[in-house]
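Okay, here's what each chain looks like letter by letter:
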Amino acid sequence: MRARAPSLGSVALWALVGTILAVLVLPTLIVVPMSLTGDQYLGFPPRSWSLKWYTAYFSDAEWIRATLFSLEIAALTTVVATILGTCAALAIVRGDVKGLGWINAFTLAPMIVPHIVVAVAMYLTFARLGLTGTVLGFVIAHTILALPYVVLTVSATLYRLDPALEMAALNLGASRLQAFFQVTLPLSLPGIATAAAFAFIISLDEAVVSFFLSGVHVKTLTRKLFEDIDYSLSPVIASASTLLVVVSIAVMAAIELARRSVKR
Amino acid sequence: MTRWRQVRGGRWSPLAAMLLLSPMALLLIAGFFYPLVNLLGRSLWTPEFSLVHYERLLGEPLYLLILMRTLWIAGVVSVFTLLLGYPVALVMARLGGWKAALVAACVLVPLWTSALVRSYAWVVLLQRNGIVNDTLRGLGLTEQPLRLIHTEGALLVAMTHVLLPFMVLPIYSVLRAISTDLPRAAANLGAGTWSIFRHVTLPLSLPGVFAGTLMVFILSLGFYITPALVGGPRTLMIATLIGQQMTELLNWSFASAIAAALLAVTLLLVAAFRRVLRIDQMAGHAG
Chain A
111 MRARAPSLGS VALWALVGTI LAVLVLPTLI VVPMSLTGDQ YLGFPPRSWS LKWYTAYFSD
171 AEWIRATLFS LEIAALTTVV ATILGTCAAL AIVRGDVKGL GWINAFTLAP MIVPHIVVAV
231 AMYLTFARLG LTGTVLGFVI AHTILALPYV VLTVSATLYR LDPALEMAAL NLGASRLQAF
291 FQVTLPLSLP GIATAAAFAF IISLDEAVVS FFLSGVHVKT LTRKLFEDID YSLSPVIASA
351 STLLVVVSIA VMAAIELARR SVKR
Chain B
3 MTRWRQVRGG RWSPLAAMLL LSPMALLLIA GFFYPLVNLL GRSLWTPEFS LVHYERLLGE
63 PLYLLILMRT LWIAGVVSVF TLLLGYPVAL VMARLGGWKA ALVAACVLVP LWTSALVRSY
123 AWVVLLQRNG IVNDTLRGLG LTEQPLRLIH TEGALLVAMT HVLLPFMVLP IYSVLRAIST
183 DLPRAAANLG AGTWSIFRHV TLPLSLPGVF AGTLMVFILS LGFYITPALV GGPRTLMIAT
243 LIGQQMTELL NWSFASAIAA ALLAVTLLLV AAFRRVLRID QMAGHAG
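Heads up: the sequence lines are chains A and B, in that order. Residue numbers for the first sequence follow the numbering used here, beginning at 111 and rising by one. Residue numbers for the second sequence follow the numbering used here, beginning at 3 and rising by one.
Same shape as in the complex, but just chain A (with noise of 0.2 Å):
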């Protein structure tokens, strides 16, 4: 191919797509430079610089109490939602099953319905059981949430390895669970590992559900900072905010490194 000067069109479309980047990344990162500023309200650019609004958010037991909460509820739905995400995931992709286009639908719906539906529909119905502003209530929700994230993360791992290394363990002798424990599950484990990330930060992140669940002394980390959006234009949002920015994207990228690394 012969080599030529970039035309004036692909120079226009470089800086146009340059600039929609840079619209889509700043207000992205913003809160960042907002949380560490040394004013008393709210503004960007900030006048001075200071650590103080971290020094807020961490002496404040409010938000330490949502933020441990938080991390509770994401502990305890990384648990469940990969046992029995990973569990489902099986029984799709090994198991004698019919009517697998139903299982599926069935499946993703909580990724279909839009989830100020879901909101509402678990807060009627948990509301009548006692489990709004429950640790159990918000497990079950935001499990529910993060089943199909985990469920296709599984199978897509267990539809890529090759049966014929189970073959051999049972040809060398070994029994089918030996085969299974010993064979098959130790080469799902970067897969059902990415999966327990995503449920973990899926419930970390989750705010729509997590708004209505929440109740006026059990919140979580996403109903507070919404509270406090609406309310005041104290910094210490920005703090929270970048906190969990940092969090989700540090597991994020981590998952797509592995992704990429187990590709090449």
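Warning: the hint list may mix true and false statements.
As the list claims (entries may be wrong) - Coverage of chain A stretches by chain B, computed from C-beta distances (three or more under 8 Å per stretch; other residues unrestricted):
# : stretch
1 : 165 to 177
2 : 297 to 306
3 : 323 to 329
As the list claims (entries may be wrong) - Example chain A residues on the side facing chain B (calculated, C-beta under 10 Å, incomplete):
#  : residue
4  : Val-127
5  : Ser-160
6  : Leu-161
7  : Ile-222
8  : Pro-224
9  : Ala-231
10 : Ile-311
11 : Leu-314
12 : Glu-316
13 : Ala-317
14 : Val-318
15 : Val-346
16 : Ala-348
17 : Val-355
18 : Met-362
19 : Ala-363
Unchecked claim - Far from chain B, some chain A residues (derived; all Cβ distances over 10 Å):
#  : residue
20 : Trp-159
21 : Ala-185
22 : His-225
The set of hints was computed from the structure by calculation and includes no laboratory data. Each residue gets a CB set at the ideal place from its N, CA and C atoms; glycine is no exception.
Once you've looked at the hints, dock chain B against the given chain A.
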């Protein structure tokens, strides 16, 4: 899936499969499907069967206005994200190496950031003394700070921003799959850059365009977080109307009816376009 089915010992008995599926199925039935059925029931029986809540939703001008606004905003956001997302996907698909990784990071980082935090950023940017108002005054375009927050324009900008990655990714994955031989063949036959795009790349990328547009439209219809924070009570959409009826007016039956209507529309769209949508590629999550 077939590879496991072909080999002896690869498939597990139906009983084993049922046992493995049942914990998830029980949880979904009790915690998800039952609450949805209950919601539908509450919207219809008060306590006798009646369509009064649905009639109210479609009969009162205020609610009709909110329904129309929701469709309008979802439509405009779909068009905006398409116009902005297509060039990004095009460039992303053509790049390689670290440049591709950089563009991918620019698209993925917002996707991985909670919609709550991104909406909050817009609340701060658009506030009375925010950077947008400061810039407008600095340029002499306005004397007094404008009320930007809680306006339809602000909501359109913020929702376009929050939903843009959902448009870029499906288009990108389709563009990436187009064989480079096709545009090259067209070039060899004498087609210019624009002509190649118009007659080869664009038609082949249409499945991604449909998938992205539908996804953004469906997500916009039921979006809660950004309309709640940036749109506010002055620019209600269906989801924020549901929220207001639930938390402020405590009109749970009416809220249930609106939610059931939103659910019905969403399911109809997903069912009608399920071949286009490819739900299993929705790896991201929005609110």
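How the hints compare with the structure:
1. 165 to 177: Contact hint for the stretch 165 to 177 of chain A vs chain B: violated, 0 residues under 8 Å.
2. 297 to 306: violated (count 0)
3. 323 to 329: violated (count 0)
4. Val-127: holds, 5 Å
5. Ser-160: Ser-160/A check fails; min Cβ-Cβ to chain B is 17 Å, beyond 10 Å.
6. Leu-161: Since the shortest Cβ distance to chain B is 19 Å, the answer is violated.
7. Ile-222: This interface hint holds because 5 Å falls under the 10 Å limit.
8. Pro-224: holds, 3 Å
9. Ala-231: Ala-231/A check passes; min Cβ-Cβ to chain B is 4 Å, inside 10 Å.
10. Ile-311: Holds, because the Cβ-Cβ distance from Ile-311/A to chain B comes to roughly 8 Å (cut-off 10 Å).
11. Leu-314: Interface hint status for Leu-314/A: holds (8 Å vs cutoff 10 Å).
12. Glu-316: holds, 8 Å
13. Ala-317: holds, 5 Å
14. Val-318: Given a least distance of 5 Å, the restraint on Val-318/A holds.
15. Val-346: With a minimum Cβ separation of about 12 Å from chain B (threshold 10 Å), the hint on Val-346/A is violated.
16. Ala-348: holds, 8 Å
17. Val-355: holds, 5 Å
18. Met-362: With Cβ-Cβ at 4 Å, under 10 Å, it holds.
19. Ala-363: Interface hint status for Ala-363/A: holds (8 Å vs cutoff 10 Å).
20. Trp-159: It holds; Trp-159/A is separated from chain B by about 17 Å at its closest Cβ, greater than 10 Å.
21. Ala-185: It holds; Ala-185/A is separated from chain B by about 18 Å at its closest Cβ, greater than 10 Å.
22. His-225: violated, 6 Å
Hint check: violations occur at hints 1, 2, 3, 5, 6, 15, 22; the rest are consistent with the structure.
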